[in-house]
Structure formats: structure tokens, C-alpha cells
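Turn these sequences into a full structure, and let the hints guide you.
Chain order of the listed sequences is G and X.
The first sequence begins at 1 in the working numbering and counts up by one.
The second sequence begins at 111 in the working numbering and counts up by one.
Hints may contain errors.
What the hints assert, rightly or not - Computed from the model, here is a short list of chain G residues facing chain X with C-beta under 10 angstroms:
no., residue
1, 4
2, 34
3, 36
4, 41
5, 72
6, 74
7, 77
8, 98
What the hints assert, rightly or not - Below, in silico cross-link-like pairs of lysine-lysine (DSS-like), each with a Cα-Cα straight-line distance of 30 angstroms or less:
no., chain 1, residue 1, chain 2, residue 2
9, G, 102, X, 119
10, X, 167, G, 42
11, G, 102, X, 167
12, G, 102, X, 124
13, G, 42, X, 119
14, G, 69, G, 102
15, G, 59, G, 102
16, G, 42, G, 57
Said to hold, decoys possible - Label-pair distances were calculated between CB atoms; the ranges are:
no., chain 1, residue 1, chain 2, residue 2, range
17, X, 223, G, 55, 40 to 50 angstroms
18, G, 51, X, 137, 15 to 25 angstroms
19, X, 129, G, 67, 36 to 46 angstroms
20, X, 196, G, 110, 16 to 26 angstroms
21, G, 77, X, 223, 20 to 30 angstroms
22, X, 112, G, 61, 40 to 50 angstroms
These are calculated hints, taken from the structure and not from any lab test.
Since the structure is predicted, the reported quantities are computational estimates derived from the model, not experimental observations.
Cβ coordinates follow ideal geometry from the N, Cα and C atoms, glycine included.
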Amino acid sequence: EDQVTQSPEALRLQEGESSSLNCSYTVSGLRGLFWYRQDPGKGPEFLFTLYSAGEEKEKERLKATLTKKESFLHITAPKPEDSATYLCAAHNQAGTALIFGKGTTLSVSS
Amino acid sequence: NAGVTQTPKFQVLKTGQSMTLQCAQDMNHNSMYWYRQDPGMGLRLIYYSASEGTTDKGEVPNGYNVSRLNKREFSLRLESAAPSQTSVYFCASSVTQGARNSPLHFGNGTRLTVT
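See below:
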């Protein structure tokens with residue numbers, strides 16, 4: 001069964017303290033690995049898509065990487081405004097739907 | 111350019127009542143989706159419409175029906191609401207289902223409580 005697992009469930013950081021969020025996946029014929037950001041009371045907002053192992057994408061303080069089994073979202077020198085829930089999702093070979101992880105809730109304090 | 115618009119934002123129903131959740135997108139996307147989000151469960155697909163005129167079941171379709179009214183609009187209907195349907199419902203759209211460079215774009219959700 002296709003599955004996406006995110007860890008940790010929650011992460012508390014001090015402003016400027018870099019860290020990484022993990023997304024491990026078991027998906028038949030991965031066709032894309034997606035990262036979303038979700039703020040309280042809002043819908044998920046698209047961040048990145050990764051397609052093949054070794055691929056990296058960056059946006060401001062965020063960098064997403066992909067291996068054959070995992071994806072990481074690296075957060076460099078986070079700020080309080082980076083506080084949100086980060087969702088990982090995978091498209092399997094059938095491509096009919098995204099399979100979402102349960103998310104990592106990040107809190108950054110100043 | 112509003113993106114994906116969902117109405118209503120909040121709704122309280124009594125068990126057995128019916129209602130329709132509305133969704134419209136203005137991005138000229140072909141594919142549209144309905145997800146529900148529950149604490150500890152993540153986002154789960156209820157129904158999707160790969161293109162105008164087609165609809166298919168997702169992971170959790172029981173108790174729901176959908177209508178792809180036109181290219182812009184995709185509605186979700188609860189015929190007889192149950193407490194287990196208390197959830198946050200998200201509508202999403204994408205250029206083309208399953209295609210490269212076609213991420214989902216989400217609305218801001220409808221928060222439904224069934225008592």
C-alpha cells in the first residue's frame with residue numbers, strides 16, 4: 001500500500017536554529033513528491049515539486065531534497081513567520097491522487 | 111484572480127440534514143478534487159474530476175456525491191449528514207490530473223460540524 005510518513009509530528013525551534021523535516025515514502029512508481037505549507041484556518045499552499053532522486057529546490061529559507069526513499073525540507077535560520085504545518089505528498093504511478101502525510105507542525109519562537 | 115473559492119466557510123448541521131458545498135476556480139484548470147482533513151488523519155481524497163464531464167471516487171467516498179457543473183465549478187453534496195462527517199473540507203484544482211508541473215491549488219476550506 002502506498003504510504004507517506006512525516007516526522008517529527010511537531011518541532012519547536014528558536015529563531016535562527018536550522019533543522020530538517022523528514023518525509024519517507026513507499027509509493028509505487030513515484031511520479032512526483034510535493035511539499036505544501038498550511039497556516040491555521042487556511043488551505044495548503046504549494047511550495048515545491050521534486051521528481052527524481054538527487055533533485056533539490058530552494059525558496060527563501062527552505063530547501064527540499066529527494067532520495068529514493070525520503071525527502072527532506074531543510075529550514076535555514078528560521079523566522080517566526082515560518083511557523084506553520086508542512087505537508088508532504090506523493091503522486092504514485094497511477095497518478096490519480098496525491099497521497100498526503102499527516103504533516104509536521106513547526107513553531108519558531110523569537 | 112481569486113484562485114479556488116469555497117462556500118460556505120462554516121456550517122453546522124443536524125444529523126440527517128443535507129447540504130451542498132460549493133467550489134469554483136478561476137485558473138482554467140481541468141481537474142478538481144474534494145478532500146477532507148481530520149486531526150491525526152491527514153488529507154484524504156473524497157472524489158475527483160479529472161476533466162469536465164467526469165467524476166471518480168477517491169479514498170473515502172461513502173456518504174457523499176459530487177457534481178462537476180462546468181469547468182469552473184465542482185460541488186460536494188452530503189445527502190444525510192452524520193457526526194462522522196464532521197471535518198474540514200478542502201476543494202482543490204490542478205491543470206491536469208497526474209501531469210508533471212501540475213500541483214494542486216487549494217481553497218481555504220469549509221468547516222463542517224454535524225451534531
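For each hint, the structure was consulted:
1. 4: At about 8 angstroms, which falls below the 10 angstroms cut-off, the nearest Cβ of chain X leaves the hint on residue 4(G) intact, so it holds.
2. 34: Holds: closest Cβ of chain X sits about 6 angstroms from residue 34(G), inside 10 angstroms.
3. 36: The hint holds - residue 36(G) has a Cβ within 10 angstroms of chain X, the shortest such distance being about 8 angstroms.
4. 41: holds, 7 angstroms
5. 72: Residue 72(G) check fails; min Cβ-Cβ to chain X is 19 angstroms, beyond 10 angstroms.
6. 74: violated, 20 angstroms
7. 77: Given a least distance of 26 angstroms, the restraint on residue 77(G) is violated.
8. 98: holds, 6 angstroms
9. 102(G) to 119(X): holds, 23 angstroms
10. 167(X) to 42(G): holds, 25 angstroms
11. 102(G) to 167(X): holds, 21 angstroms
12. 102(G) to 124(X): holds, 29 angstroms
13. 42(G) to 119(X): holds, 11 angstroms
14. 69(G) to 102(G): Answer holds: residue 69(G) to residue 102(G) is near 17 angstroms, not above 30 angstroms.
15. 59(G) to 102(G): Holds - the C-alpha atoms of residue 102(G) and residue 59(G) are around 22 angstroms apart, at most 30 angstroms.
16. 42(G) to 57(G): holds, 24 angstroms
17. 223(X) to 55(G): 40 to 50 angstroms: The hint (40 to 50 angstroms, Cβ to Cβ) holds, given that residue 223(X) and residue 55(G) are roughly 42 angstroms apart.
18. 51(G) to 137(X): 15 to 25 angstroms: Since the Cβ atoms of residue 51(G) and residue 137(X) sit about 22 angstroms apart, the hinted range of 15 to 25 angstroms holds.
19. 129(X) to 67(G): 36 to 46 angstroms: Given range 36 to 46 angstroms: holds, Cβ gap about 44 angstroms.
20. 196(X) to 110(G): 16 to 26 angstroms: violated, 36 angstroms
21. 77(G) to 223(X): 20 to 30 angstroms: Violated, since residue 77(G) and residue 223(X) (Cβ atoms, about 40 angstroms apart) do not stay within the stated range.
22. 112(X) to 61(G): 40 to 50 angstroms: violated, 28 angstroms
In the structure shown, a violation is registered for the earlier hints numbered 5, 6, 7, 20, 21, 22, in ascending order.
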